[in-house]
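Asker: Going line by line, the protein sequences match chains E and U.
Residue numbers 0 to 424, in numbering that gives the first Met the number 0, belong to the letters of the first sequence in order.
Residue numbers 0 to 90, in numbering that gives the first Met the number 0, belong to the letters of the second sequence in order.
Don't take each hint at face value.
The calculated lysine to aspartate or glutamate pairs, modelled on EDC-like cross-linking and capped at a C-alpha distance of 16 Å, are [as the list claims (entries may be wrong)]:
{"hint": "1", "chain 1": "E", "residue 1": "LYS406", "chain 2": "U", "residue 2": "GLU13"}
{"hint": "2", "chain 1": "E", "residue 1": "LYS29", "chain 2": "E", "residue 2": "ASP42"}
{"hint": "3", "chain 1": "E", "residue 1": "LYS276", "chain 2": "E", "residue 2": "GLU230"}
{"hint": "4", "chain 1": "E", "residue 1": "LYS406", "chain 2": "U", "residue 2": "GLU52"}
{"hint": "5", "chain 1": "E", "residue 1": "LYS38", "chain 2": "E", "residue 2": "GLU230"}
{"hint": "6", "chain 1": "E", "residue 1": "LYS61", "chain 2": "E", "residue 2": "ASP42"}
The set of hints was computed from the structure by calculation and includes no laboratory data.
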Amino acid sequence: MAGYPARATVKEYSAFRLLVEGLRGHTGWKPTWRAVEPKPRYDVVIIGGGGHGLATAYYLAKNHGVRNVAVLERGWIGQGNTGRNTTVIRSNYYYPESIALFDMSVKLYEGLSRELNYNVMFSPRGMVIAGHSRHDMELMNRWAGAMQAYGVDVGLISADEVKRRVPALDTKNKRWPVWGGFTQGRAGTARHDAVVWGYAHAADRLGVDIIQNCEVTDFRKASNGHVVGVETSKGVITADKVVISVAGSSSLLAERAGFRLPITSYALQAFVSEPVKPVLDVVSWSLATGIYVSQSDKGGLVFGGPLDLYNSYAQRGNFPTAIHAVGALAEQYPSFGRVRILRQWAGLVDVVHDSSPILDETPVPGLYINCGWGTGGFKAIPAGGWVMAHHIATGKPHDIGKPFNRKRFENGRLIDEAAGAGIAH
Amino acid sequence: MLLIKCPFCGERDEIEFRCGGESHIQRPASDVSDETWGAYLFARENPRGVHFERWVHHAGCRQWFNLARDTVTHEIRSVYPITAPRRGPSQ
């Protein structure tokens, strides 16, 4: 706790602080979060220092006063999927359960920089999804109707309007002609690293310990089967409650804990180009190729495509899928075809059969799990953390998180976004 | 890029194939509990290491077969017929 109050009372980051620090040579800044060694015992241990784990810790401390919390991260904060996604935030899902969850998340993102006193650079620039056939238009019409009925700001637009909003998109392309589009105005992007750094910053100031380079290797259970702690590369840490929040590695920890999950881990690739002048001020997505692209504040074109469709724990991605993504981008946006790619990478995504998350208790008492976000976890970080914190602190699922239980794989009440919202896997 | 040895056509590029997921899943009797049935339908091994899986030579002979592949290195450890039991290194 050295040097930090348990509750932050003064805003650490402000224009005034910047001015003062500027005058004294920036010597007064403190680390955004403390470097600490684990204590022997916590009320709650969260495995995984990604967005969802850190948000869970923050809302446990902020909303429920549970402050004796540790977040254990195997690598560095921002090294996993939170630093590997394409930063798109949207809530245009099909089923009311999903809309409630993802729209809650978009609303939390809208106030997040102020909430965390950390600029996450949320940019609700809008999203344009292009349809390329009569069938695409019929599907989008159906989606828009369902979403509008639940209050999401979506609408159909003409091919001319798509061209006006995304001038770089070749709407008269012979292979992928654009028939029309589908928009969400409040969708956008945020700086992905800043989201984890911001949650880490704010959780730290409420007393949460964030421990990097600490890999959980096994669970400790009492004779009644209740989880009582974890074994880590930094020794045994006991806890009343433990949360698994590790995306693509969920199956591995579940196996250590003694249960199985309906999850398959795949690599999802992303790419960023060299920086160019502003050419694209929305998130643009094509239904036909599954390619989505936005331009970062640095000018890089950030884009991605479909999954590498076989099980993988390799954070690099496979060449055929990379070629598909790059080829489709170059064909649909001809002016991007000569832009050089700076980097390519992959994250490990935890895909569930119905493409909806699992936010629930596990067969091991005291052990909770937040997983199954698949290709769309970044947009849901605030909501995932909020509903998990509620479940852990109160012992009862949050109303919005309740449908995303494990039981649905026994009783068949799936929330089939894979079919409903055209998620491309 | 994987080079997959189809048992019928020999070595071909991975783009000719489709992965059908985990192999050797046994269908339980029809009078089992919802829990067992749900596990049969949805629970998956998803190992970090050797995975036994089904592939189809989609753009070739269209035959299904099994292979054992490492999910970290993607190295193919063995290829064997669709009806054969697991063949290859243990996990």
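Asker: Hint by hint, say whether it matches the structure.
Answerer: Hints, one by one, checked against the model:
{"no.": "1", "hint": "E/LYS406 - U/GLU13", "in the structure": "violated (37 Å)"}
{"no.": "2", "hint": "E/LYS29 - E/ASP42", "in the structure": "violated (27 Å)"}
{"no.": "3", "hint": "E/LYS276 - E/GLU230", "in the structure": "violated (50 Å)"}
{"no.": "4", "hint": "E/LYS406 - U/GLU52", "in the structure": "violated (26 Å)"}
{"no.": "5", "hint": "E/LYS38 - E/GLU230", "in the structure": "holds (13 Å)"}
{"no.": "6", "hint": "E/LYS61 - E/ASP42", "in the structure": "holds (15 Å)"}
Going down the numbered hints, you'll see the structure goes against 1, 2, 3, 4, while the others check out.
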